[in-house]
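Number of protein chains: 2
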Amino acid sequence: MKDLRQITVVGLGLLGGSVSLAIRRSFAHVQVVGFSHRETTRDKARELSVAGEIAGDLHAAVAGSDIVILATPVRTFEQQFRDMAPALKDGAIVTDVGSTKTLVHKWAAARLPGTAHYVGSHPIAGSEQRGVEFSRDDLFDQATCIITKTPRTNDQAAGVVEQFWQRIGCLTQTMTPQRHDRIFAAVSHVPHLVAAALVNATDPADLKQAGKGFIDTSRVASGPANIWTDIVTTNTRNVVAGIDRVIESLNTIKKAVGNDDDREIMALLERARSRRAELIEYKLSRKELD
Amino acid sequence: MKDLRQITVVGLGLLGGSVSLAIRRSFAHVQVVGFSHRETTRDKARELSVAGEIAGDLHAAVAGSDIVILATPVRTFEQQFRDMAPALKDGAIVTDVGSTKTLVHKWAAARLPGTAHYVGSHPIAGSEQRGVEFSRDDLFDQATCIITKTPRTNDQAAGVVEQFWQRIGCLTQTMTPQRHDRIFAAVSHVPHLVAAALVNATDPADLKQAGKGFIDTSRVASGPANIWTDIVTTNTRNVVAGIDRVIESLNTIKKAVGNDDDREIMALLERARSRRAELIEYKLSRKELD
Chain B
11 MKDLRQITVV GLGLLGGSVS LAIRRSFAHV QVVGFSHRET TRDKARELSV AGEIAGDLHA
71 AVAGSDIVIL ATPVRTFEQQ FRDMAPALKD GAIVTDVGST KTLVHKWAAA RLPGTAHYVG
131 SHPIAGSEQR GVEFSRDDLF DQATCIITKT PRTNDQAAGV VEQFWQRIGC LTQTMTPQRH
191 DRIFAAVSHV PHLVAAALVN ATDPADLKQA GKGFIDTSRV ASGPANIWTD IVTTNTRNVV
251 AGIDRVIESL NTIKKAVGND DDREIMALLE RARSRRAELI EYKLSRKELD
Chain X
11 MKDLRQITVV GLGLLGGSVS LAIRRSFAHV QVVGFSHRET TRDKARELSV AGEIAGDLHA
71 AVAGSDIVIL ATPVRTFEQQ FRDMAPALKD GAIVTDVGST KTLVHKWAAA RLPGTAHYVG
131 SHPIAGSEQR GVEFSRDDLF DQATCIITKT PRTNDQAAGV VEQFWQRIGC LTQTMTPQRH
191 DRIFAAVSHV PHLVAAALVN ATDPADLKQA GKGFIDTSRV ASGPANIWTD IVTTNTRNVV
251 AGIDRVIESL NTIKKAVGND DDREIMALLE RARSRRAELI EYKLSRKELD
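Protein chains in written order, with our numbering: chain B, 11 to 300; chain X, 11 to 300.
So here's chain B without its partners, still in its complex pose:
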């Protein structure tokens, strides 16, 4: 960590912009290079000084960098790896902020040179806002960042990535990409699709009567469709299995309602209530809720 001299952030949306600002805040002597292929984004990023240097050429942007962080949509990563490969310096560490990890490890193994080290990262931060103009240097304060590694991951590089996220404010946790993708399908990707399915299943005319309950239950369905398409198409198997579990769980409740089986309905609702109560208690104990 002491030897870090330059870090490149590829993609300057809310996450990329915020990572850049957080690095500037926490690593006073590190040069931050921000890359975007869009001129309008580069102009805004320059205005907001999110990085010391803003580049429109990927090779120039990653050349000489000790760490390269991808913050473009997940499905662009394979091509980004290919494109940056020739320009990475020996020993460069490549990581990312993507929401799925198994495929990314696979792409990195296939596309990056053997002299570079890929480590997966998934900082659990963000907001419904999009774009570099919403970047904040404190977006990662107290956020969890999952670090993913496989048996072929370079341990020293994983250590550097872990310290990097801790330094900009995250609490880190390390797991395999497979475990990451299974868990986040369950707690994030599938709930997103369930919220979308619920909205799509409701007559828009009826929605006028929706109250706070519906508004909350459906909130995540307001996320950007392209980002979520990216996420679910890079975690297909876990997402499909997760939807199947929810359908099974809905069928169990439907059967109990159809049979007018009060005891069973009550037991199912009580199970959900108490599990959620435990979740809230756990989150409160870790001060992860407001």
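No lab work stands behind these hints, which were simulated from the structure alone. Heads up, some of the hints might be wrong.
Note that identical chains are pooled: a pair holds if it fits in a single copy or bridges any two copies.
To be verified - Within a straight-line C-alpha distance of at most 16 Å, the following computed EDC-like cross-link-like pairs (lysine to aspartate or glutamate) qualify: (1) K218 - E291; (2) K12 - E172; (3) K99 - D76; (4) K116 - E88; (5) K293 - D226; (6) K54 - E143; (7) K297 - D151; (8) K222 - E298.
Following the hints, complete the assembly by docking chain X onto the known chain B.
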């Protein structure tokens, strides 16, 4: 409305207690009688002065009242109607605060004397808190209250009930109980079951990684299991049909994910996103959101 002298509230939970307090606030010269079959509740209600008189005898509580408002769980209503029938004065108006309406109209027609007039009410207010100790005289300020009537409902009585809710702060809307139950299955009862199914489908160990998205999507699943069992078992047909629509909608998304059909996934997510954006815009235009 000018002739109102006494109103009885049957059941002193959060809703019953709040209705009582709201009446005391808005109808200075009306005697409010609160009924609870539980002594501990009556004691608390007396301490908090939620009503001018607190009774433990239903006949004594409803005798002489111009309006009787049921605020016990929906499934107790049929028995309450039976029990209070002999003591209702001629021309008494009976209403309620229940979340489902079709069955209640049926029970009222069968169990109340012809000299009493039933009108359905569903004030959309409440909180996750329970018990008379959380009662507030402003719980209904700016809340929507749905008034339900059928062709056999007495129009004058419906008018009195409508004015009653308006006087304690509600915006009223009138519809048939059938329409009410269909709409609220879609925007409230089914979303509740979907949230519960989602929690039940998720491994409790994985829940530790749940973020704000999951917390919001599942929030309504923290509602009291007995109240929601009441609600869904008194709206069976609409609830079962609504679950079927959500399952169909989930299967459509699952198929698109399984086929890696980006365009279809994006179209489905974008449909949900834009419908919810319209909902939020509508709610904001009516100042129904904070």
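Outcome of the hint check:
1. K218 - E291: between (33 Å within a copy, 11 Å between copies)
2. K12 - E172: within (14 Å within a copy, 72 Å between copies)
3. K99 - D76: Within one copy only: 8 Å inside a chain, 86 Å across chains, cut-off 16 Å.
4. K116 - E88: within (9 Å within a copy, 63 Å between copies)
5. K293 - D226: Answer is between; shortest inter-copy Cα gap is 13 Å, intra-copy 18 Å.
6. K54 - E143: within (7 Å within a copy, 54 Å between copies)
7. K297 - D151: Answer is within; shortest intra-copy Cα gap is 13 Å, inter-copy 33 Å.
8. K222 - E298: So K222 and E298 pass the 16 Å test across copies only (9 Å; inside, 22 Å).
The structure agrees with every numbered hint stated previously.
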